[in-house]
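4 protein chains.
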Amino acid sequence: MQAIQMARPEAGAAVLIENLEVPTPGPGEVRVRVQNTAICGTDRHIYHWDPSVASMITPPVTIGHEFCGHIDTLGDGVEGWNLEDYVSAEMHIVCGRCRSCQAGNKHICEKTQIAGLHRAGCFAEYVVVPAGNLVRLDPKIVPPHIGSFLDALGNAVHTVQSASSIAGRHVLVSGYGAIGAMAAAVVEFEGAKSLTITEVMPGHLERAKKWAAGLNGRIPVSIHDPATEGPDMVERIRQATRGGVDVVLEMSGAPPAILAGLEVLYPGGEMMQLGIPSASNLEIQNFAQEFIFKGLTWRGILGRRMFATWDEMLSLLQRGLDVEHIVTHRLPMSSFHDGMALLDRGEAHKVVLDPTA
Amino acid sequence: MQAIQMARPEAGAAVLIENLEVPTPGPGEVRVRVQNTAICGTDRHIYHWDPSVASMITPPVTIGHEFCGHIDTLGDGVEGWNLEDYVSAEMHIVCGRCRSCQAGNKHICEKTQIAGLHRAGCFAEYVVVPAGNLVRLDPKIVPPHIGSFLDALGNAVHTVQSASSIAGRHVLVSGYGAIGAMAAAVVEFEGAKSLTITEVMPGHLERAKKWAAGLNGRIPVSIHDPATEGPDMVERIRQATRGGVDVVLEMSGAPPAILAGLEVLYPGGEMMQLGIPSASNLEIQNFAQEFIFKGLTWRGILGRRMFATWDEMLSLLQRGLDVEHIVTHRLPMSSFHDGMALLDRGEAHKVVLDPTA
Amino acid sequence: MQAIQMARPEAGAAVLIENLEVPTPGPGEVRVRVQNTAICGTDRHIYHWDPSVASMITPPVTIGHEFCGHIDTLGDGVEGWNLEDYVSAEMHIVCGRCRSCQAGNKHICEKTQIAGLHRAGCFAEYVVVPAGNLVRLDPKIVPPHIGSFLDALGNAVHTVQSASSIAGRHVLVSGYGAIGAMAAAVVEFEGAKSLTITEVMPGHLERAKKWAAGLNGRIPVSIHDPATEGPDMVERIRQATRGGVDVVLEMSGAPPAILAGLEVLYPGGEMMQLGIPSASNLEIQNFAQEFIFKGLTWRGILGRRMFATWDEMLSLLQRGLDVEHIVTHRLPMSSFHDGMALLDRGEAHKVVLDPTA
Amino acid sequence: MQAIQMARPEAGAAVLIENLEVPTPGPGEVRVRVQNTAICGTDRHIYHWDPSVASMITPPVTIGHEFCGHIDTLGDGVEGWNLEDYVSAEMHIVCGRCRSCQAGNKHICEKTQIAGLHRAGCFAEYVVVPAGNLVRLDPKIVPPHIGSFLDALGNAVHTVQSASSIAGRHVLVSGYGAIGAMAAAVVEFEGAKSLTITEVMPGHLERAKKWAAGLNGRIPVSIHDPATEGPDMVERIRQATRGGVDVVLEMSGAPPAILAGLEVLYPGGEMMQLGIPSASNLEIQNFAQEFIFKGLTWRGILGRRMFATWDEMLSLLQRGLDVEHIVTHRLPMSSFHDGMALLDRGEAHKVVLDPTA
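Protein chains in written order, with the numbering used here: chain A, 1 to 357; chain B, 1 to 357; chain C, 1 to 357; chain D, 1 to 357.
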């Protein structure tokens, strides 16, 4: 089968393999015939062999961890699933026995194995996953090009869920990349009082404005470019929100955005930190003034709750949560280099790949 | 001035007084010129001198506790308010010193005085309230006929807020009277997975169906009449919600509805109890099976949080929460007997009265 | 091997079987050599063939679901456990796939199988359990006669955990049977402001007083017998707690105790309902006054959280939580009829059985 | 009267004034005759005119904000208090009208005035406070030398309360100064699984060891000096707590302690940040690895909840929470220079001053 692998531990080593052996599911596993898969930010870090992810991978390995498809083969002992079931899967594979798992927090399992990093991923015609990780999809609600990136939508929903509440509150989405754009849509859907978006890349800003224009005033949206607005931006947002926002969803990982996030929060507010800074160290200015004395809550966000997040995400899609605009490009899997380049240039939000094309 | 008072402690004793002295605000109080006021379920209990409220009132007293209007006179020491400010007010007047108030739970103050019961209410041309109870309204967002029943909308929002979450969950609204209808609108607005409505009065059922039809499929709504569906209704709702609903908002107080509410809840679910049974005792069938073994949470709901509920309610209105359909009748205050009759016959949802007409 | 079975579906049908075949663990299961086991209230319901449990059991079945012992045989595929490991086990065996399990609420699994009811229990020399249900014990912290009733201690700890907090709050334990006595000890340990105990059985009252006397004033304890104090009891407790208690742990299931529990709660308080009424219906007096208008929270409690409750319980024992006094009798397993009689007469708290004696 | 004032805006400008005019309470205020007062860390910052506090003070002003005493004069309109009532007071004076206050979060009021900084404090024979800020004390439970530092004990209790739970969890107290020492005592009292203490000052370490020795093994305590243990300390604590602690109470503000606090937390853990770094900027190493990927929660802590914290604190004292060892020195108020020096050298925990001596 065809698959995209990191062939060697270095940037530029991602290649399309033409004749990889189709994997066989072990006991308790299933093989899924991949219909659509999507490129995630993590895939780009792997593709460029960034230090933040390089240590987690031993090439050669098939990359990719967002997909949907149909069950093709059932391993021994698998119950409750049938051939041709339409599915996606949680690609964090957890131990079930560590202190986190035993406490019901599988998403922070001590021994998480991530498909596409620690084991074979889904940029391939077929992928094998544990049956316990499968999530059933309804094709009437989730078409394949949307089903291809539920892992990422789950990140967005989990970030939103981790705030103590959204309805009736001023929410800021910091960073309007693909996951930030999904988070913005969820925030609108769950009844926030207002939505503020900050972003620096022109393409993302343009897409944010276009999306906001299409909302027909359903929610007050203000969009800011800190690069052009400068230090006044924080004060402007504070004034527009009667003293500051209640919730920041920090999806960018950019240090200035993290600092601005703390600054724009009203006392008692909370910041959900999904974005990952590229440097390992982070310097926080005016830490006492902006964090301690304001009694803020800051929370690190990882993955998705298994499977409460999946359940909420699917119900939002069923209700009509619109994420169609997130998909800016659909390419055959063989064009993945083009997809990576589009994302690197900020010209794409979500690039969906088709391994059957 | 004109005002509606209970003249004597008996049913039929509500009268329109023509020349009541205009009240003077004391220190820390303001006088408001009432623009619109609305009839609440409690007013009907008073009007009919039902035992549940009779013990709380010593006639003669001006009734009514939902209104909006403009500030007319400021008492001594009032700061932060100006003449002609457009306002509504929380009509629960709390002590600030009891254990509940000190713990930040003013809505369950031990010594709550309710305007319209314990002291003069707002079915009048002028009403006096403590300045600390005022809530500022924006006329562009809250027109007077909506501002007239924010107290009731606050009940609905507080009931919804008291559930641990709404987004992505199956929610049942038990009873589609005025407050139930508002709660249904809020539930749709905050992203519930599905909405189930139960109601027995034909007029209310018809209004529920008409409202649901106007949603254009934004949320799956199913409407049930337990009187015609009989005991199968519970099982039907369970099946439609994959085992049961997550949240019941019990707005009716009818014992069969309360029991059905427990029965349709999925294990771990929660029921918010705003509805008040007319009898003082309540019998629960299969208590262990339907409540304990399912690990349910049941919560009594009273009033509105001061002022977190007001803040959320106003932001929902600003976002476009539509409660226009709740107002079925607008009458001059002098026609209050007609309004009561409409409500008694289930022909009205919210009757707004105009003391200036 | 020896085991106690319900031989037929009727009261009086519990017998000691002398030569039952020793069970063989299947894949993923282990066999444990039982060292000590204890009689639970549920076992008494089974023994007397009470309607509340009769429908769940198909005799003949080995009863009992509280025990500790040593691993004797490992089934296929079991990892992380060794022969002679000292263990207890969660005896609720859950499906892992239903909506509750998927949401992390295994203790309310739709398809729970309880060992000792739905499948063979631990009143036997050997018991087979799924490896995933095992809990490792440290013999220096948990001697066998304490390890024999961790399932029940887990009920007590789960009930306490389900309250929003204990430290600094007035707590009432309603019913001082074995689990009530354990809950009282936990409440003292976790820093409650005061402890109130209500109980009607003379033996239990005496044990409560003896236990309280041994606390050397570490916590204000007041013990009440509603049978002798009559209707004034509620008012007396309210006055002693400045208006009412914050938390009621209802362990008795007696309807008058449930009603008194609601009555003594201060507004905003919460009642945890572990006790199971013997009748299927429950009548609540003054429901609006005592529940709705006070904004109470009432929660059904079932089992123990897997495995957060086990973790907290073991840490409390390690810290020195003293439950030694709960064990009033230790008998050879063959004397189980005597143990049941002691419990029926209220002369015992916890009866530990030794199948090796 | 005598009082200690900052005479000028500079270090060394604190002086004992001999004949300051006794203040007169305005409407709604009371005057208290100070019996004991205590030196807080903030007072030392003021004394040394540290930049972190200098901007908040306009000399001359009487400093000090921890005290107890007896009511001496009632201002106009004060109800519910009598002459000679034994009291302490919350010294954060809040507006009651800002968004925080309206939401029930008075401790993070936008317009907080702190007595001893923004207005006259309690290092004096008499102090005037708003009646609404008074807290009644029972002299049998709270002797004056303990009542003198309830503001600080409130900081400790509020920090503990802000964690989602303490019972059954591994807790680390970072910094064993006066407030850290109080927090440690509360953590033991509320049933933590284990207590780990980190501290660098020899005197504080010695006091920590002495206190721990007096606990008679009631809780496993381990005490660490990062200065001597070096980078292995984190790994040692992780191993002793099966992977990391659940809760860090960060009371020191020292950047290395903050970083170690994040590092020793188990995934899903939480850090309460009361300690204030002396520099305005804080650099966090391995931010993604130690914070985001572990899904931690970090919370800024300010002041005390009004008045839930006071209520819990007084109930802990009534239960027997022992904080006697916190008071290392009792001096006449005129010896305040000596007290400051003792604290600067780390030779004292709490220095109580007596203005009547």
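Treat each hint with caution, since some may be false.
One copy or any two copies: either way a pair holds, since identical chains are not told apart in the list.
Said to hold, decoys possible - As a list, the in silico DSSO-like pairs of lysine-lysine whose alpha-carbon atoms are at most 30 Å apart:
#1 Lys-294 to Lys-140
#2 Lys-209 to Lys-111
#3 Lys-210 to Lys-111
#4 Lys-294 to Lys-210
#5 Lys-111 to Lys-294
#6 Lys-140 to Lys-210
These are computed hints drawn from the structure, not numbers from a lab. If you're wondering where the values come from, they're calculated on a predicted model, not measured in any experiment.
Open item on the list: One pair to classify: Lys-209 and Lys-111, alpha carbons no more than 30 Å apart. Within, between, both, or neither?
Closed with: neither (41 Å within a copy, 36 Å between copies)
Open item on the list: Cα distance capped at 30 Å. Does Lys-140 pair with Lys-210 within a copy, between copies, both, or neither?
Closed with: Both. Shortest intra-copy (27 Å) and inter-copy (26 Å) distances satisfy the 30 Å Cα cut-off.
Task: Homomeric proximity label, Lys-210 with Lys-111: Cα distance no greater than 30 Å - done: neither (42 Å within a copy, 40 Å between copies)
- [ ] Please work out whether the CA atoms of Lys-294 and Lys-210 approach to 30 Å or closer within one copy, between two copies, in both situations, or in neither?
- [x] neither (35 Å within a copy, 36 Å between copies)
Task: Identical-chain pair category, Lys-294 with Lys-140, by Cα at 30 Å - done: neither (46 Å within a copy, 33 Å between copies)
Open item on the list: Regarding Lys-111 and Lys-294, is the shortest C-alpha distance of 30 Å or less found within a copy, between copies, in both, or in neither?
Closed with: Result: close only across copies, 12 Å inter versus 36 Å intra.
Checked against the numbered hints listed earlier, the structure breaks hints 1, 2, 3, 4; every other hint is satisfied.
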